[in-house]
Amino acid sequence: MKKKLITSLLGAALCLTPHVGAAPVKVGMITTLSGGGSGLGVDVRDGFMLAVKTANRSDLEVIVEDDARKPALAVQIADKMIQKEKVDILTGIIWSNLAMAVVPSTVNQGVLYLSPNAGPSALAGQGCHKNYFNVAWQNDNLHEAMGNYANSADHKNSFILAPNYPAGKDALTGYKRLYKGNLAGEIYTKLGQKDYAAEIAQIRASGADSVYIFLPGGMGIAFMKQYSQAGMTTPIMGPAFSFDQGILKAVGKAALGVRNSSQWNKDIDNAANKVFVADFEAAYGRLPSLYASQGYDTANLILSAMDSADINDQDAFRAALKSAQFDSVRGDFRFGNNQHPIQDIYVREVVMEGDVLTNKIIGVGLKDHQDAYAANCSL
Amino acid sequence: MDVILLLEQLLNGLQLGIMLFLIAAGLTLIFGVMGLINLAHGSLYMIGAFACAAVATWSGSFWLGLMASLTFAAAAGALIEVVIMRRLYHREHLDQVLATFALILICSEGTRWLFGSFPLYLDVPDIFYGAVNLFGVLQYSRYRLFIIVIGLFTALCIYLLINKTRIGMRIRAGAADRQMTAALGINISLLYTLVFALGAALAGFSGALVGSIQSVEVGMGEPVLILAFVVVVIGGIGSIRGALVGALLVGMVDTLGRGYLPQILQLLLDPVFANTLGAALSSIAIYLLMIVILVFKPKGLFPAHG
Amino acid sequence: MSEKMLNRALLSLLIIAPWLAHWIDEPYYVSLATRIAILALAGVGLNIALGLGGMVSFGHAAFFGIGGYVTGILASHALNYEPLFSGIFAMSGSTQMLFIWPIAMLVGAIAAIFIGLLSLRTSGVYFIMITLAFAQMIYYFSISWPNYGGEDGLPIYLRNSFPGVNTLQPIQFFMICCTILLITLWGVSRLQDSRFGNALKALRQNETRVAAVGISPLGIKLAAFVISAMITALAGSLFADLNRFVSPTMFSWHTSGQIMIFVILGGIGRLYGPVAGAIMFILCEALLGSWTEYWQFFLGLLLLWVVLFARGGLIGLLCGDKAHD
Chain A
1 MKKKLITSLL GAALCLTPHV GAAPVKVGMI TTLSGGGSGL GVDVRDGFML
51 AVKTANRSDL EVIVEDDARK PALAVQIADK MIQKEKVDIL TGIIWSNLAM
101 AVVPSTVNQG VLYLSPNAGP SALAGQGCHK NYFNVAWQND NLHEAMGNYA
151 NSADHKNSFI LAPNYPAGKD ALTGYKRLYK GNLAGEIYTK LGQKDYAAEI
201 AQIRASGADS VYIFLPGGMG IAFMKQYSQA GMTTPIMGPA FSFDQGILKA
251 VGKAALGVRN SSQWNKDIDN AANKVFVADF EAAYGRLPSL YASQGYDTAN
301 LILSAMDSAD INDQDAFRAA LKSAQFDSVR GDFRFGNNQH PIQDIYVREV
351 VMEGDVLTNK IIGVGLKDHQ DAYAANCSL
Chain B
1 MDVILLLEQL LNGLQLGIML FLIAAGLTLI FGVMGLINLA HGSLYMIGAF
51 ACAAVATWSG SFWLGLMASL TFAAAAGALI EVVIMRRLYH REHLDQVLAT
101 FALILICSEG TRWLFGSFPL YLDVPDIFYG AVNLFGVLQY SRYRLFIIVI
151 GLFTALCIYL LINKTRIGMR IRAGAADRQM TAALGINISL LYTLVFALGA
201 ALAGFSGALV GSIQSVEVGM GEPVLILAFV VVVIGGIGSI RGALVGALLV
251 GMVDTLGRGY LPQILQLLLD PVFANTLGAA LSSIAIYLLM IVILVFKPKG
301 LFPAHG
Chain C
1 MSEKMLNRAL LSLLIIAPWL AHWIDEPYYV SLATRIAILA LAGVGLNIAL
51 GLGGMVSFGH AAFFGIGGYV TGILASHALN YEPLFSGIFA MSGSTQMLFI
101 WPIAMLVGAI AAIFIGLLSL RTSGVYFIMI TLAFAQMIYY FSISWPNYGG
151 EDGLPIYLRN SFPGVNTLQP IQFFMICCTI LLITLWGVSR LQDSRFGNAL
201 KALRQNETRV AAVGISPLGI KLAAFVISAM ITALAGSLFA DLNRFVSPTM
251 FSWHTSGQIM IFVILGGIGR LYGPVAGAIM FILCEALLGS WTEYWQFFLG
301 LLLLWVVLFA RGGLIGLLCG DKAHD
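Chains as they are written, first to last, in this note's numbering: chain A, 1 to 379; chain B, 1 to 306; chain C, 1 to 325.
Derived by calculation from the structure, the hints in this document are not laboratory data. Model, not experiment: these values are computed from the prediction. Just so you know, not all the hints are guaranteed correct.
Computed Cβ-Cβ distance ranges for the label pairs, DEER-style [as the list claims (entries may be wrong)]:
1. Leu84(C) with Val3(B): 44 to 54 angstroms
2. Tyr294(C) with Tyr284(A): 11 to 21 angstroms
3. Tyr294(C) with Leu256(A): 32 to 42 angstroms
4. Gly185(B) with Arg195(C): 46 to 56 angstroms
5. Ile4(B) with Phe141(C): 30 to 40 angstroms
6. Phe141(C) with Lys297(B): 20 to 30 angstroms
7. Ile113(C) with Leu183(A): 41 to 51 angstroms
8. Tyr284(A) with Leu64(B): 25 to 35 angstroms
Cβ atoms here follow ideal geometry from the backbone N, Cα and C, with glycine treated the same way.
Whole structure, please, built from the sequences with the hints as guidance.
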């Protein structure tokens, strides 16, 4: 009887601390580390690895590989990580078109995918999947926040501009979803276009009271420089992507005063964020970016799930992920039914701190915001 | 239709054309003299922009940066010519394509190794900020006017160099008949190194000028490379005059297409569909232009002699 | 080593290695071999234009992508039960490879006739650039046209099927691709020795003489260009099924360049050149990529070394100069 009691107590103890002897977790990261746009991938990787190093756990293994921003290569690496390395979790992809190439077949093969950046609408609505988690945002979110903010900032005649590709269309649709004023113009430019003289002339002629742009990467740098060199003063708004830490230095003073929307900033006041910003600067010698914060959160989400579930019990592990029991650097964070974030989205302004350009939060664009596609998801 | 806006767009087309000419001039020079397909032209453009950004940031002077772009690109060009290109002149075009494609990979990743993955800062000097008033009705960016002037000046310099100087005579002779020129006692391999370095310097210079209003980042040279090829082929390979005309044509078609195609289509079609179709068509307009020209003039607008 | 022996060695390697990988349960190497076989097939297609006909097409990505998109579009219509077009001739989508392949090749052929008729008026570098321009046009169009995904591309949720074969099984799909490659290699070797092949080779050497004996240069060249495009389109269709995904990058000039590199790397105009080139390039990409994040730098050095010091490509390096044909 006594013996029986001891064994059952032992059993109970084992149940309470499942990570004792739980299987190790293997994470594959496919991200863009070479060529144009590699700054984003480097930031996601550095943020992710910072959290992994801080946790210092022997039961978590991460392998990183470069997709060079080519969909076919990303698919090839995903095959390798799933079939050869037998990873439990894939993560890391930056671009929507690469995510659309890799994610559907990954989640159908029973591997979990955690997105640290891209959130195409096709994966948020009917195409949602129990193995797919988005830790960043749904693609429309930041644009919706800016559209909502434009109302409160009394902008009534916006000129809106984005490259002619699906993410660009989603961006302007997102802005228009909550924006109530008129449109002074709506232009789709060629993807990768670097000269905006023709568009700036149209903006000047349109009499707009504000301009909303979604031009990621080098396109945004080029637009901002040309806009300010042309002596334009109509206020610019945009999502964080063209005004984030990695890119601000290259835009220079042309970015000063621009308002942009982001779910994170380095001055969000919580303990986790303070540690993150200080550790990141100490480890890499530069200020963290939005992308680094997303990589960091993704790693911490995985670590939190490892604390409460065994990876071999996938149902339990998924439930642990979905409960999001980790201290996000952006403050409150939870998943909606479609496993995309419900979170606050802030409005920031580009300011000069000493001789460094950076962002400061000036308001909240949307509180506890969930994406528009969640209702179509059957999860 | 708004006349002032049309005027400004015409000026923008001219400016884009001049910018394209700066980029394409070096390519057509190398093409014409040595018969070399240099896919790495975009990489030299990138090297110039990075050299300018690095030196301008370090010294605080944009002008020093411009000098550096010329120097570094010319040096890189000379090095590439001596070590690699020299062995490829008598080979097939395909070998040149493969070798210069390899050079793109080496230059891009080498630059990233040196400078990191993040875009670099490069801005125009303060005197170029803002707009000047043209004809009393039109505000136009100072820097873009500066580019127009520099571009026309460069075109003139190249014209004088090729047609009025001794070295230009040798270059023309080398392009026409390599063996005969060598037989006359001219050091043809030195001449080729010089031409390649000159072409590289032009590429680097344009990289610095254009990079300062666009963006300085790894991979910036590749879209530019294709545009430069389009310009060179429209104009006629090896012809500087052709490159100028081709560049202006491409600049005009691209700018006016972007500005007006969607609006014109809206007169005929449903607005949403017209917008989509207009954006799609204007992004392929220059390729359509090139195809139409080549169908009627298979050797470009100004076929070079020989 | 004689070229014949090397060719046999290459083929045996390509066929045996995946089976070994299959037996030791490493499906990744099977899909890597499938990728090689498919890209080699695209190279074999290009080699007809490039090596036999001397037509340096820098736009074969157009045909590769057309093959891919035909596959993706037919499959997505079949899966969503939407007719492809209706009216007098209604047509529905399909997930049958045996139905998709001919359509892909047919559409590729139509595009090639159109592009070829316009491009073959030019020659030399102008031909290189006009073929590139056509591919770029399709590339930008596919990015900006919103139907079928634009830049996001079009996922194929289930690999298309082939009677009697489970295409989801890597080794079985490999066998399909490999068989097509073998049949094509055989077909091309017959083509090389045919009257048509000889006329094409003669054309490459001296167009005026061929015209003088009463053969129309344009007809022969166009036919070769179209055959070349059809094979590349077929490869594109298989590539779409391999990745279960098509995207505009299939049309990009990088894809054209890559297919061209397989051909040059292996040895221009050699029947097995693209096979050798694809094996080397894909293996390098896969191995270097996991070794360093600067892998493209070393890939560049390697390519440069081959072009400078291994004239006639890999096969030329191992077997010496090609016998004059």
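We went through each hint and held it up to the structure:
Restraint check, Leu84(C) to Val3(B): a C-beta distance of roughly 47 angstroms satisfies the suggested window 44 to 54 angstroms. Checked against the hint of 11 to 21 angstroms, the pair Tyr294(C) and Tyr284(A) passes, with Cβ atoms roughly 18 angstroms apart. Separated by about 35 angstroms at the C-beta atoms, Tyr294(C) and Leu256(A) satisfy the suggested range of 32 to 42 angstroms. Restraint check, Gly185(B) to Arg195(C): a C-beta distance of roughly 51 angstroms satisfies the suggested window 46 to 56 angstroms.
For Ile4(B) and Phe141(C), the Cβ-Cβ distance of about 33 angstroms falls inside the hinted range of 30 to 40 angstroms, so the restraint holds. With their beta carbons about 25 angstroms apart, Phe141(C) and Lys297(B) fall inside the hinted range of 20 to 30 angstroms. Here the CB-CB span from Ile113(C) to Leu183(A) is close to 44 angstroms, well matched to the stated 41 to 51 angstroms. At about 30 angstroms, the beta-carbon gap between Tyr284(A) and Leu64(B) stays in the expected band of 25 to 35 angstroms.
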